[in-house]
Every structure is written in C-alpha cells, then in structure tokens.
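Participant: This is what each chain is made of:
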Amino acid sequence: MSDRSWRFWAWPHELRQKGILGMNQRNADYILAANPRRNFPNVDNKVRTKQICQACGIGIPETYAIVASHGDIRRLPEFVNERNEFVIKPAHGSGGRGVEVICGREGQHFDTNSGARLTQSDLRHHVATILSGLYSLGGMPDVAIIEQRIVRHAAFDQYVVCGTPDVRIILYRAIPVMAMVRLPSTASQGRANLHQGAVAAALELTTGCAFGGVYKNRTIATHPDTGATIQGFVVPCWNNLIKSAILLADNLGMGYVGIDFVIDQQTGPMVLEANARPGLAIQVANRCGLIHRLQFVDQQLDHPLPFQRRIQLLELIDRIDR
Amino acid sequence: MRSRSGSFLVVFFLVLAGVGAVSLRLYRLKQVRLGDDNGWWRLTYQVEVDVGSEGAKIQVAVPTDKHHARVFRENLSYGDLQAERSTQLSGTSLVSFSTQEKGLHFITAQFDLEVSRNDRSTQFSSRASSLQTTERFLRSTPTIQTQSVAVQDTLKRLQTSRELSVDPVLQIFEYCVTHIEDDVEDESSSDAASVLNYLIGGNLGRAKAMVALCRADGIPARVVTGFEVDDQPELKPRSWVETLRNRVWESHDLQGIHFGFVPENFLPIRYDGDRIVFVTGQEHCETLFSSNKLSPKSALHTTENNPLEIMDLTRLPMSMHPILSVILLIPLGALVTALFQVMIGLRTIGTFSPTLIALSFVMADWRTGVAIFALVIALGLISRAMIDRLKLLMVPKLSFMLTLVVVTLVFTISVLDYLRLTPSPQAVLLPMVILTMTIERFYVATAEEGLTSALHLLLNTVLVSFVCFVTLGWRQVGQIVITFPEVHFFTLAAIVFLGSYNGYRLAELWRFRDLRPSSTDASLI
Chain A
1 MSDRSWRFWA WPHELRQKGI LGMNQRNADY ILAANPRRNF PNVDNKVRTK QICQACGIGI
61 PETYAIVASH GDIRRLPEFV NERNEFVIKP AHGSGGRGVE VICGREGQHF DTNSGARLTQ
121 SDLRHHVATI LSGLYSLGGM PDVAIIEQRI VRHAAFDQYV VCGTPDVRII LYRAIPVMAM
181 VRLPSTASQG RANLHQGAVA AALELTTGCA FGGVYKNRTI ATHPDTGATI QGFVVPCWNN
241 LIKSAILLAD NLGMGYVGID FVIDQQTGPM VLEANARPGL AIQVANRCGL IHRLQFVDQQ
301 LDHPLPFQRR IQLLELIDRI DR
Chain B
323 MRSRSGSFLV VFFLVLAGVG AVSLRLYRLK QVRLGDDNGW WRLTYQVEVD VGSEGAKIQV
383 AVPTDKHHAR VFRENLSYGD LQAERSTQLS GTSLVSFSTQ EKGLHFITAQ FDLEVSRNDR
443 STQFSSRASS LQTTERFLRS TPTIQTQSVA VQDTLKRLQT SRELSVDPVL QIFEYCVTHI
503 EDDVEDESSS DAASVLNYLI GGNLGRAKAM VALCRADGIP ARVVTGFEVD DQPELKPRSW
563 VETLRNRVWE SHDLQGIHFG FVPENFLPIR YDGDRIVFVT GQEHCETLFS SNKLSPKSAL
623 HTTENNPLEI MDLTRLPMSM HPILSVILLI PLGALVTALF QVMIGLRTIG TFSPTLIALS
683 FVMADWRTGV AIFALVIALG LISRAMIDRL KLLMVPKLSF MLTLVVVTLV FTISVLDYLR
743 LTPSPQAVLL PMVILTMTIE RFYVATAEEG LTSALHLLLN TVLVSFVCFV TLGWRQVGQI
803 VITFPEVHFF TLAAIVFLGS YNGYRLAELW RFRDLRPSST DASLI
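Sequence lines, in order, name chains A and B.
The numbers in the first sequence follow this note's numbering, run straight up by one, and end at 322.
The numbers in the second sequence follow this note's numbering, run straight up by one, and end at 847.
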C-alpha cells in the first residue's frame with residue numbers, strides 16, 4: 001500500500017511543491033499587500049460595484065430599488081411592484097448570506113428558489129434584518145438591494161436542477177489567473193456556495209472549457225444530481241466575460257480580487273459581485289495551486305500590461321502546473 | 323510581496339525588551355531581599371464569611387511580636403462586625419468577630435512586619451509558663467492519638483532501636499522525615515494515626531505524627547501553624563512542630579528539614595492548632611492569605627511615593643490582585659485565539675468569545691459555569707426560535723434575548739442554590755452579551771449553513787474556550803503575570819510572530835489533501 005493511499009493529510013512541503021496558496025499567505029502576501037484599504041468599499045459595497053460596472057459599460061442585474069432606511073420598508077410593495085421574480089440582497093453581504101431569490105408569486109405570496117413561501121411581512125422582516133446589519137461584513141448597518149433575478153443560460157440546463165450557476169474568476173494585477181464555474185446542487189438548495197454543497201468545475205482561461213470538478217471538497221467527474229460529465233462543458237460568452245473581468249479589475253483598484261459573473265439567457269455575462277477575499281476552493285476545483293500563477297504574473301515587467309498582452313498571457317497561465 | 327523583515331525586527335525588539343524588563347525586575351527583587359538584615363513585609367488576610375445563623379463567631383489568629391518578627395503596623399477592616407481581641411494560654415493571639423446579622427461579611431486584615439535575622443528573645447520569651455501548660459502538651463487529642471496502635475507500635479520500634487546517646491526528638495524527627503512520604507498535594511488535616519499507618523501525609527499530617535510520637539514518648543510537643551513569609555499573591559498556612567525541652571520551645575520543620583530551628587521568615591500564628599481562621603457553625607467561609615515585600619522606604623515613610631513603583635503591581639491592595647490578574651490574563655486568551663485561528667484554522671462564533679467565556683469560567687466554579695452556560699444556550703435557542711415568529715427588528719430582538727439570558731442566568735443560580743448545589747456567585751460574570759450574540763449567530767448559522775455546520779462552529783468555540791480555560795486557569799500563570807507584567811512583551815512578540823506567519827494552517831493540510839503531487843483522484847464519484 002502506498003503512503004498516499006491511506007494518508008488523509010498533505011505535508012506542507014507537498015502543498016508548497018504544488019503551489020497551493022494557504023489562507024495565511026493569501027491574507028498576508030496578496031490581500032494586504034495588493035489591495036489598498038481605501039478601495040475595499042469598491043468591492044464590499046455592491047451598490048458601489050454596480051456603479052463602477054455601469055460606468056465601464058459592464059453588464060449588471062437591473063436594480064429595482066435600494067432600501068436604505070427602515071422608513072423605506074413600508075414602500076416595499078411599491079418597489080417590488082407587480083414583479084414575479086426578483087432578488088433581495090444586502091449591499092455588504094458575503095458568501096451568499098442574506099440573499100433571498102424570489103422566483104414566483106401568487107398574489108401577496110412569494111416563492112423562493114429553495115421552495116419556501118413568504119408573505120409581504122416576511123419580506124419586510126428580511127429587509128429589516130439586512131438593514132440592521134445581521135448579514136453585513138463587520139455587522140454594521142447595511143442597505144438592501146432589490147434587483148433583477150437572472151434567468152440562467154440554457155447551456156447550463158444539463159448541469160443544474162435548480163438555482164443559478166455562476167462563474168468566478170480570480171484576477172491578480174488585473175490578469176485572470178484562475179477560473180471556475182459553480183453549479184448549484186440539490187444539496188446546496190439552489191445556492192452556488194461550495195461550502196453549502198454546490199459543485200465546482202475548473203475553467204480554462206483561454207476557452208472557458210470546464211475540466212475536473214469538486215463536490216463537498218472532494219474531486220468528482222460527473223455532476224452528482226444530473227450525472228452529466230463535467231469535462232468539456234464550455235461557458236457561453238466566455239470572451240466577453242473575460243474581457244469584462246479584466247476591465248472591472250482595472251477599475252476596482254484591487255490587486256487581488258475575485259469577480260463573480262452570472263450568464264443571463266438574454267443579456268449574457270453580468271457581474272454579480274466582486275470579492276476582495278476570494279476563497280481558496282478554486283484551487284481544489286482546478287487541482288492546482290495559485291502560487292505559481294501569481295508568481296508568473298509578478299515576473300511580468302511593465303505593469304500595468306496592455307489589455308491585449310494580458311489576453312495573450314492567458315494561454316501561458318493556463319499551462320502552469322497543468 | 324509583503325516584507326516580513328519588519329515584523330521579525332519588531333518580534334526581536336519585543337523579546338529583547340521582555341528579557342531586559344524581566345531581568346531588571348528579578349535584579350531589583352534580589353536587591354531588595356539581600357539588601358540588609360531586616361525585611362519589611364505586609365501580610366494580608368482576606369476573609370469572606372456567609373453567615374447563615376445569628377450569633378455566628380469568627381475567630382482569626384493574628385501575628386504578634388516573635389523571635390524574629392515585629393508587627394509595626396496593623397490595619398483591620400471588618401464592617402459592622404463586633405471585634406474582641408484575646409490571647410490564649412498557648413500564646414495564640416486571637417481576634418473574635420461576632421454578628422447578629424445574616425449574610426456576607428468581609429474581614430480584611432493587614433499586618434506590616436519587620437522580619438529580622440537577629441533573635442529578639444531578650445524582648446520575647448518562649449519559655450513555657452507552668453507545669454499545667456506542660457501537661458497540656460502531652461495529652462492525646464482526636465487528631466493526635468498518642469494511645470493509638472500505630473503511634474504506640476512506631477514508638478516501640480523507635481525505642482527498641484534507640485541508642486543511649488541518641489536524642490529521642492532527633493530520632494523521631496529523622497524517622498518522620500525519612501519514613502513518612504511527603505504528599506505535597508495533601509492539604510487536608512489528616513490525623514497522626516492514619517499518617518503513621520499509611521506512612522504518607524501532607525505538611526500538617528506529618529507534623530501531627532511527630533507531635534503524637536513525641537507526646538507518647540513523654541516529650542511535650544505541639545503543632546504550630548503560621549506562614550513562610552515570602553512574595554506570594556496567595557500564601558498557604560504552613561505547620562511545623564515545637565517540642566519543649568528545659569522549659570524552652572524548640573522548632574522543627576519536617577518539610578524543609580530544619581531541626582531545632584526554623585528560618586526567620588517562618589511566622590508562627592497559631593500554637594497547638596492548625597486553623598488561622600475558625601468559624602463556629604456551618605457558615606461558609608473563604609480565606610485568602612498573601613504577603614508582599616515592602617520597600618524600606620514605603621515601610622518607614624508610607625506617604626513618600628516613588629514613580630518607579632507604578633511598575634510594581636504587587637504594591638497595590640490585595641483586594642485588587644484577583645481582578646488585576648484576570649485583566650492581565652486576557653492577552654494570553656487573545657494569543658490562544660490567534661494561535662487557533664492562524665496555525666490551526668478553526669472558525670469560532672465571534673473572535674474573542676472563547677476567551678471571554680473561558681475567563682468567566684476561571685472566575686467562577688467551572689462546574690457551575692458549564693451548567694449555567696449549557697442551560698442558558700439551550701433555553702436561549704428555544705426562545706430565539708419562538709420569538710422568530712414575532713418578526714422583531716434586529717436590535718430589539720437582541721435586547722429581548724439579552725433580557726432572557728440575564729433572567730435565565732439569575733434564576734439558574736437561584737435554583738442551584740435551592741438544590742444546595744452551591745453556585746459560585748461569580749457565575750454571574752458569564753459574559754451575557756457574548757452569550758446573547760452566540761445564540762443569535764448559532765441560530766443564523768443553523769438557518770443559513772445547516773445544523774451540522776452550526777454545530778461544528780459551536781464545537782470549535784467550545785474547544786477553543788476549553789484551551790483558553792486551561793491556560794487562564796493555570797494558577798501559576800496568574801501569579802506570574804501580576805508579579806512580572808513585563809511577560810506581556812513576550813505575548814506581544816508571539817502575537818506579532820503569528821500575525822506575520824504565512825504558512826499553512828493545520829486544517830489546510832486536510833483540506834488540500836487531494837492536491838498532493840501525483841495524487842490520484844481516489845474519491846471520484
């Protein structure tokens with residue numbers, strides 16, 4: 001029996017050899033070093049991220065209303081209007097906390113994507129909780145965003161039974177270094193968060209073609225709900241998406257950032273949110289570490305690189321540790 | 323790439339500052355101790371009595387002038403108790419306090435002593451006064467059973483092997499030192515017969531055994547209880563033996579193996595007895611004894627202040643010491659939390675919640691603390707689930723929960739008291755706001771991430787709290803931080819080191835196990 005077959009841990013030198021980025025190194029060497037504190041609100045505040053996206057011409061879900069005070073809560077019916085589908089989320093939330101997706105309506109009753117049925121009073125309470133800061137970073141008072149619900153692209157139908165998949169791209173110095181697609185599963189109750197049981201698949205930066213996959217922190221080859229093979233799936237509108245990511249990273253002013261996209265059936269890629277502290281599960285999905293790619297970017301001279309040069313680099317980055 | 327050389331430099335300077343400050347403190351302590359023949363000490367008693375019946379009496383044995391010690395200042399504080407001073411035949415000086423009022427009563431007594439290497443026996447005589455007194459120290463008592471089989475058998479063996487020229491007291495002393503194992507953990511007042519039977523005993527038990535053997539051999543002897551005066555935030559009473567020869571009492575210390583004398587810093591308080599504080603009835607009584615060195619200047623001119631004394635926390639009133647040591651322990655809790663976060667990678671509910679919960683357990687009796695903690699969390703979660711239907715706003719909801727936590731806490735203490743499970747009054751120190759937030763976060767985590775994930779978080783919090791509790795509850799640590807607050811230079815250095823550590827967390831070695839080089843995808847579905 002080989003040493004690896006029974007061992008349920010990795011030695012630090014093994015992870016270093018594979019270039020795996022740990023949480024401490026991510027925080028110390030990349031987030032603290034590359035992300036100026038003054039630019040954090042650009043990503044932590046989704047309202048501000050939306051404004052930056054709009055200024056750059058990058059697609060975002062349409063904002064129906066922003067509820068900033070408890071006095072505005074009584075105007076919720078007016079904000080929601082006759083809409084059957086919408087999303088309520090905190091402006092300073094993270095990890096999908098406090099996001100309520102309404103996917104159906106019957107009079108004054110609203111159906112969520114997890115199957116629950118909410119009343120107007122429930123919605124008002126949820127908005128009040130968001131305003132109180134329960135879901136915000138640091139627990140500070142927050143504002144609630146009511147926005148368009150994304151209708152997922154048909155290309156994902158084979159891989160998703162419920163919820164909306166999203167694409168995460170990690171950019172360092174405004175150069176994409178790693179990407180993955182997150183597919184909601186039955187276990188994640190329609191959410192695209194990996195720690196809640198969503199499936200992740202690595203994406204080639206040049207083509208948006210999926211390979212490998214991870215589910216509940218273990219590697220998989222097929223989707224656990226649909227049985228579809230993950231390898232070979234191509235994210236639609238990939239070139240558009242990667243260009244939007246680079247453009248947004250340039251304008252956010254963050255050196256190390258994760259940008260989440262959703263692909264709408266009608267309008268294509270839209271920015272869902274940007275994250276100054278993107279998680280490390282993307283390495284498990286890609287089955288390789290981030291460090292060597294980040295070091296490769298650092299080795300490039302004359303930052304910031306021209307846009308076209310960055311696109312050309314993607315092919316080289318894709319080959320690192322593959 | 324962030325440069326860590328700055329951090330390492332800060333760590334280096336902090337360690338250097340710590341070593342320097344601690345060395346300076348040790349040097350000053352040594353200088354004060356060895357500076358001259360005389361030493362000035364403050365001996366403090368703190369007595370807390372919960373009087374349950376009317377007419378309770380509290381007897382406190384107090385120091386008086388002795389061979390090597392002189393009490394030059396005395397300060398007694400006893401609220402509305404009635405005090406009466408008396409001296410027993412044995413020579414023990416007693417202050418008796420009485421009260422008609424039930425409830426908690428506090429007595430604080432401070433004695434400033436001059437301890438000298440010179441024997442002041444010309445001013446103070448240790449001669450036994452009468453034959454009647456001498457006979458008193460030959461009798462058998464319930465704990466010094468001179469007629470018991472164990473005592474008589476042991477004595478018979480000693481007498482059989484005794485040579486004519488051998489001093490019987492020395493022979494008994496040597497026997498007790500060499501044959502009776504010193505059980506340093508034993509603080510009970512075990513009796514002479516059982517100590518001689520099992521040949522093991524604590525400080526007091528061994529002293530009683532020697533007294534029993536002496537008395538059975540016709541040598542008047544008694545147990546003396548007092549203190550070994552030293553810089554100690556918590557001082558334990560110490561017992562030794564006195565034997566009467568030619569109408570002069572001679573001291574013998576079995577623990578320190580001193581025959582015929584005891585060191586000058588041994589301060590006798592109670593003769594022929596072992597309790598410094600004695601309460602009649604079933605009243606609950608807690609005592610804390612401490613002593614600290616007084617600088618000659620503060621001993622002689624108490625009004626003159628030296629700014630350098632600010633750094634010496636031991637000079638502060640003893641009543642402040644427990645709270646000071648708790649405050650000084652908090653950085654260690656923060657260090658443990660940082661260690662778990664950065665090196666191990668455990669997520670907890672609230673960053674410093676484990677430290678504060680552990681701290682409250684250290685202050686209270688931990689059993690009471692755990693019982694109340696579990697009950698408050700359980701009832702809090704049930705209540706939280708029930709009030710969820712009310713759709714309250716966040717802050718009023720948290721206020722509601724806080725009120726429930728407070729009421730639950732207080733009534734749990736009351737119930738425990740009713741069931742005579744003696745709750746610690748400090749149990750109320752459980753961080754109520756932290757408990758409220760813990761309940762809220764656990765509830766939200768259950769709703770958002772599932773029960774398993776929430777329980778995992780709670781388990782992590784309990785685990786980190788436990789490690790903090792073990793660290794903070796370590797008595798010696800509390801004593802060290804108050805005597806040497808400079809050790810926090812090392813704490814700061816450790817925290818800066820942890821802050822600049824960028825290696826893998828222990829949890830990541832498991833999390834990324836599938837990414838080992840050439841690892842096959844063994845877990846493919």
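No wet-lab data here; the hints were simulated from the structure.
C-beta: ideal position from N, C-alpha, C; glycine also.
Heads up, a few of these hints could be off.
[Unchecked claim] So the derived list for chain A, only partly shown, Cβ under 7 Å to chain B, looks like this: (1) Trp6; (2) Trp9; (3) Leu15; (4) Gly19; (5) Met23; (6) Asn24; (7) Gln25; (8) Ala28; (9) Arg75; (10) Pro77; (11) His109; (12) Leu134; (13) Gly253; (14) Gly255.
Participant: If you check each hint against the structure, which ones fail?
Facilitator: Those not satisfied are hints 1, 4, 9, 10, 11, 13, 14.
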